[in-house]
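A.B. asks: In case you want the letters, here they are:
Number of protein chains: 2
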Amino acid sequence: MESLTSTELDTSKYAVQVDINNVSKDEIQPYIKLQRATNFLAGAMIFLKSNILLRNKLSFDDIKPRLLGHWGTCPAINLIYAHCTRLIKSRQLNMILVTGPGHGAPANLANLYIEGSLGKFYPEYGWSEEGLFNLIRGFSWPGGFPSHTNSELPGQIHEGGELGYALAVSFGAALDSPDLIVTCIVGDGEAETGPTATAWHAIKYLDPSTSGAVLPILNLNGFKISERTIYGCMSDDELVALFTGYGYQCRIVGDDLENIQQDMASSLEWAHDTIRKIQKAARSGQAIYKPRWPMLILRSPKGWTGPKEAHGQRIEGTFHAHQVPLPAAKKDDEELGILEKWLKSYKPEELFSEDYTPKQDLLDVFPDDSLKMGMRKETYGNYHPLSLAEWQDFSVKQEEDASPMKQAGKYLADVIKRNPEAFRIFCPDEMMSNKLDTVFDVSERVFEWDKDVFGKKGRILEILSEHTCQGMMQGYTLTGRTALFPSYEAFLGIVTTMVIQYAKFVKMGKETTWRPDIASLNYIETSTLWRQEHNGFSHQVPGFINSLINLKADMVRIYLPPDANCMISTLHHCLQSKNYVNLMISSKHPTSVWLTPEEADRHCRAGVSIWRKYSSNEGAHPHVILVGCGVETTFEVLAAAALLRKDCPRLRVRVVNVTDLMVLGFNHPHALSRTEFASIFGTHQPIIFNFHGYPSVIKDLTYDRHSVPGRLHVHGYKEEGTTTTPFHMLTANGCSRFDIAIDALQRVAPNDDVDINVHELVTEYRHRIKEHSKYIEECGQDPADLNERPSFSE
Amino acid sequence: MESLTSTELDTSKYAVQVDINNVSKDEIQPYIKLQRATNFLAGAMIFLKSNILLRNKLSFDDIKPRLLGHWGTCPAINLIYAHCTRLIKSRQLNMILVTGPGHGAPANLANLYIEGSLGKFYPEYGWSEEGLFNLIRGFSWPGGFPSHTNSELPGQIHEGGELGYALAVSFGAALDSPDLIVTCIVGDGEAETGPTATAWHAIKYLDPSTSGAVLPILNLNGFKISERTIYGCMSDDELVALFTGYGYQCRIVGDDLENIQQDMASSLEWAHDTIRKIQKAARSGQAIYKPRWPMLILRSPKGWTGPKEAHGQRIEGTFHAHQVPLPAAKKDDEELGILEKWLKSYKPEELFSEDYTPKQDLLDVFPDDSLKMGMRKETYGNYHPLSLAEWQDFSVKQEEDASPMKQAGKYLADVIKRNPEAFRIFCPDEMMSNKLDTVFDVSERVFEWDKDVFGKKGRILEILSEHTCQGMMQGYTLTGRTALFPSYEAFLGIVTTMVIQYAKFVKMGKETTWRPDIASLNYIETSTLWRQEHNGFSHQVPGFINSLINLKADMVRIYLPPDANCMISTLHHCLQSKNYVNLMISSKHPTSVWLTPEEADRHCRAGVSIWRKYSSNEGAHPHVILVGCGVETTFEVLAAAALLRKDCPRLRVRVVNVTDLMVLGFNHPHALSRTEFASIFGTHQPIIFNFHGYPSVIKDLTYDRHSVPGRLHVHGYKEEGTTTTPFHMLTANGCSRFDIAIDALQRVAPNDDVDINVHELVTEYRHRIKEHSKYIEECGQDPADLNERPSFSE
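Respectively, the protein sequence lines represent chains X and A.
For what it's worth, the UniProt record's numbering labels the leading residue of the first sequence as 1, then goes sequentially.
For what it's worth, the UniProt record's numbering labels the leading residue of the second sequence as 1, then goes sequentially.
Careful, some of the hints might be misleading.
Any copy, or any two copies together, can satisfy a pair, since identical chains are not distinguished.
No farther apart than 27 Å at their CA atoms in a straight line, the calculated lysine-lysine pairs in the DSS-like style are these [what the hints assert, rightly or not]: (1) Lys-204 with Lys-13; (2) Lys-277 with Lys-456; (3) Lys-774 with Lys-331; (4) Lys-770 with Lys-646; (5) Lys-308 with Lys-330; (6) Lys-552 with Lys-770; (7) Lys-417 with Lys-578; (8) Lys-510 with Lys-417; (9) Lys-331 with Lys-25.
Hints listed in this document are in silico derivations from the structure and should not be mistaken for laboratory results.
Using the sequences and the hints, build the whole thing.
C.D. replies: Here it is in structure tokens:
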């Protein structure tokens, strides 16, 4: 094998050939005109604040003072939008569009305006002079639509910000929507991201009998912001090899720019025919194993139809077309002239009537409202609440030890049974390891490439890509269904910025009048750091909490249920909650059940409470307040309380558990009032807080509770760990029962009525830590008695 | 085109054929024996605490109380390690190994033990009874080597924790090391991650004339933790298509398990021959455009050679081999029996002498020490400090406005010129946009697939994958060189968990005796939220700071230089610092230069100082302390100080700037002492802190400074934003000069000697905010005077 260069590759036999004359030139004329209109509008939006249809000679005064927006990607979005519209109308399809290059909002807005979707949701953007003025002048103007797509735009289910997630989101939207086609535009910049690079594999998780289809269109214009793109530098043969390997059939459109319109129309028909064949086979019981789904690769010049050049510098087809192609149009005569010539080249007078309304022939190209991409019900108002049992049916007795995750798995199996089409679990292959495996009693995994489960309609999708799990969950949730993402605690942070983008999307959606409720995003973090003593330091990362607490308070809920009953109660609550990001953190290991189902119900509703039965004096008039938050850290707090009860019976110890972290905050909807806070956390006593994660979380939340700093002492993870034993993890980070007890003893004010020899006890506890450490080093495990439920008998 | 199924794919012409008899059976026998030894050791490490060579009958007492470790991936790592060793020895190669499946540490440890690398760095792991006992019993035992590879293991440059990054790290290591081959094992679990999926493209950035090679070996054992893998379910044809599309030539090894050893040996020789051809061509001036680099795909059963089954359940070749294949070996007779039979099948008596030392024939298979993969100098002690000019040569005059990034770009161009082989910039195509473009005066980009820069040896690598940038920077840095990663502020958080993994790697490396200094990881965040008013809400994310401050204090440095001089000074400092993670945050827009070069030098060394010339009364005896941290927020603080100076001249305002965030902390090496803190931040006056990012950062850092809570009022980003104007961004988040001035006025204790009508001024400032907002809505831009340098003339 001597071939050493990719230029010798020949994969032509796998490149799809389409007869572009399948669609006649006449048929597509109206859609070419639509693109003239949308390209015009996109250009006008970026530049004009008056004289919006160029009925007068363009002057500097007509130009916006700040030129914002991304032109480069707009013409391709307009091309795709137009031809999708044609296909929808001619074949009466249910289709939505996910725009990866969301920076090209002017294109989306232009289409949404002409199809009437903007006007439907925003009367001020109707077909009128005022509406058109609002669109053009208002774009990227303070108070108007932003420069990137977001939830304020009808039809959107994807934030047009951070790149990489459009494809996974599209697959999530298609799941369990058998009649839906999700067209997804992926730019060649976005295609370089890791999340996109692996999301191409997601067809392998799509069951054509019960789910819809995703039609990816990879748009190659060759440039990112200023550098060439990887995909833009790949030959047709390389592209065909790659995407054939991913499992697609690919059709390359645009190599012949002259015929690109006919080609796009015919290629879309081919793609739809192919989707139908795959679906028909599956739905008639003849499912094809490893069906090759269609995709299009669209080569089009960056900023196509835009200004060709300025100051002797090429613009169209180069990175100079990326953002504002004529940045000096407000002060440079040459650029102003080019701008005018360019915008006039679309002949606005043929596009808009005298009264500024779009010409009738532009409106006629669209299907009925219900099929317009900006009005598809999947993209708003499609929420299907789950049918759920009472959580108490899955509760456990207080006397038993139970694994919170094992119990959660039983509950989830029931959720799956009750909601066969509106609930999914996305997980990076950690369901078994996380002890949630009871779900497999009622459902297979979904993975169409695996012959053993092919066609079996599983509800659990396990791909080792947190990005894909997250993207799919977003797409699934934003189209009205409910999902759960269980993860190792250490690795959920992989999707940190995705969650932030999602939260921004939802925040703006809430500020519209027309986006109704959706389900919350639901996360379980388990296999937490305190029990990752076996996988070691790399698996000990509780930082996802820190990222969430900076989001808008009304969106974020963080729960740390301390036992199995609280876990199921919390899960039950989260799965029916709306519009939040819910993070649940608990253990997969069997552990004490502290509360009866009734007590757990009350405790979880309150979010925090004094655990009287584990406190001395029922928690009244405490000398010190011990707070547990998290499974293992609460266990240690209870063990410390038991120790102190035995060793200094006159010390009054109040035990508090926080299960809803946000009660601690100050401005959160769940925040305790001052009075409530004082009734639980006292006003002057030392508070020894044993927290599951980084102490910074507790410091941040309680900062503005001015009675607290100075008396609050937070123990938590301080980045100490390795492969060791659970107890050693606790002592290494100062979170063991002895550390808590020592801190409590040292903080309690000298007080006759307590009557303890602090020094002696502290020495004794330090000694016990050492003894335990010695045992651990010798025996390779923790002394068994450390796992025993602490005894509170007097 | 009727073909609808991937099963019809035929890409055999692109699959590499190798005559496996190129290497004789005899030649490889010693390396098969080496695998017997390493497989034995890996198995023994997971299970045994005594009777380590099974010289007595195995009993429950010999079994560790906690069985930890991942067996499934070990045999394949051992196969690869053995055959790489053979190739290194026979061809005298410089090769290092990056192990993606780092969970398989027993395999790496076994090889490092026998090759003598463990003993070199850790005398207690020598070739002796004690050394062998320490290895086997000590594995995953408290105090011993952890269950996953980390920096405690010789030869490692990659944390064996979170999956996805091995490949990008390998490419980073190969850059500018022309004689080095980095063999990278990628597991089929890891291959599903996005970061890996796009890192395959990294060959397109490798210049064969000046950089080394990466030899990826994709190991398919078919299973992740418990689910089948995507790649494991792909046919040879699909795999060949995919990786041919990525640009590789691929050789599939292992389809015939009988001949896998000869196949591996011959295929590695083919791979090395191919690498040499590509390099030779390039180094003789005949560079091949788009060379197809070699890769191997190794199919091997999960847990190969391990226990076949137990309790009637298949283990070898299934997910049951993933972790501990016989989990009940300490108490179940059947499992104990299987374990004994299994471990004895490797014939330990033939592997180790009576005195427990490895038999000589095992030692003889290795090359000289300098070529052993555990002793390669690239993996430790290879640090090349940069040659740097004085930063003052690039400073600007205080009277001028200057863009901190523009100036940084000039400085960086000089760094590139001075260090043509030991400095690289990795960036997701944001160099131009971030105004660092002066570097292009002295260097091209590197991108071998782009004909325009092919072979031009550029120093700036721009791929739109933050994961790839980060992975490459890690590999480059850990092999002794220095790199910089400039990014939009909003998107650096994409690599949050990667940085955490890296920090864990470095922390443990510092705790060894033998890992010397390396350069710091250096980040620039610019295009910050306050000036992402044009890209909108999605581009406004300052949360990366929050993730870093939870890392070990002695590793993290966060700087927010307030002007161009401070920026260059900081950059100069960071590029020569060692072992840290440095985050620099500053603006790309022209802004006031507040400090002369001399002042900037002093200020940056101190990290924080009172800016006497912008304070009233030279900052002495203040009524209120205004603190700026960040470019725009500092500008507003100065504007507020100027306002107050004019409107209430008797109010004494101290202006402080924090450029080194960590001075605020309590336990950080840079932390101010109590006295220093009081001398700057006072003891009782209100502190109005205008912070660049989320207020939680400041709250966390100052929490334990007990004089502070209650008088510190932090302004910062509170997740309000859209496409708007810079000033509106400030007012929406309460960070404008008026917000700061109002807060100051309202917090100052009533005081005769100040003599101001607070109510009147507050009303006036609120009115001005409204007036400005009105202007912004009408005119689409900020009033020009808001950008003027505040005047401090009396």
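A.B. asks: Next, verify each hint and record whether it holds.
C.D. replies: Status of each hint after checking the structure:
1. In this homomeric assembly, Lys-204 and Lys-13 come within 27 Å of each other (Cα to Cα) both inside a single copy, at 23 Å, and across copies, at 25 Å.
2. Taking identical chains as interchangeable, the C-alpha atoms of Lys-277 and Lys-456 lie at most 27 Å apart only when both belong to the same chain, with a minimum of 19 Å there against 49 Å between chains.
3. Within a single copy, Lys-774 and Lys-331 get their C-alpha atoms only as close as 78 Å, which misses the 27 Å cut-off; across copies the closest is 25 Å, which meets it.
4. Proximity of Lys-770 to Lys-646 under the C-alpha cut-off of 27 Å is restricted to the intra-copy arrangement: shortest distance 20 Å within a copy versus 64 Å between copies.
5. For a Cα distance limit of 27 Å, the shortest separation of Lys-308 from Lys-330 inside one copy, 18 Å, qualifies, whereas the shortest one across copies, 76 Å, does not.
6. When the C-alpha separation of Lys-552 and Lys-770 is checked against a cutoff of 27 Å, the pair qualifies only between copies, where the shortest distance is 25 Å, while the shortest distance within a copy is 44 Å.
7. Taking the shortest Cα distances, Lys-417 and Lys-578 sit within 27 Å of each other inside one copy (21 Å), while across copies they are farther apart (56 Å).
8. For the identical chains of this complex, Lys-510 and Lys-417 are neighbours neither inside a copy (31 Å) nor across copies (52 Å), given an alpha-carbon limit of 27 Å.
9. For the identical chains of this complex, Lys-331 and Lys-25 are neighbours neither inside a copy (41 Å) nor across copies (78 Å), given an alpha-carbon limit of 27 Å.
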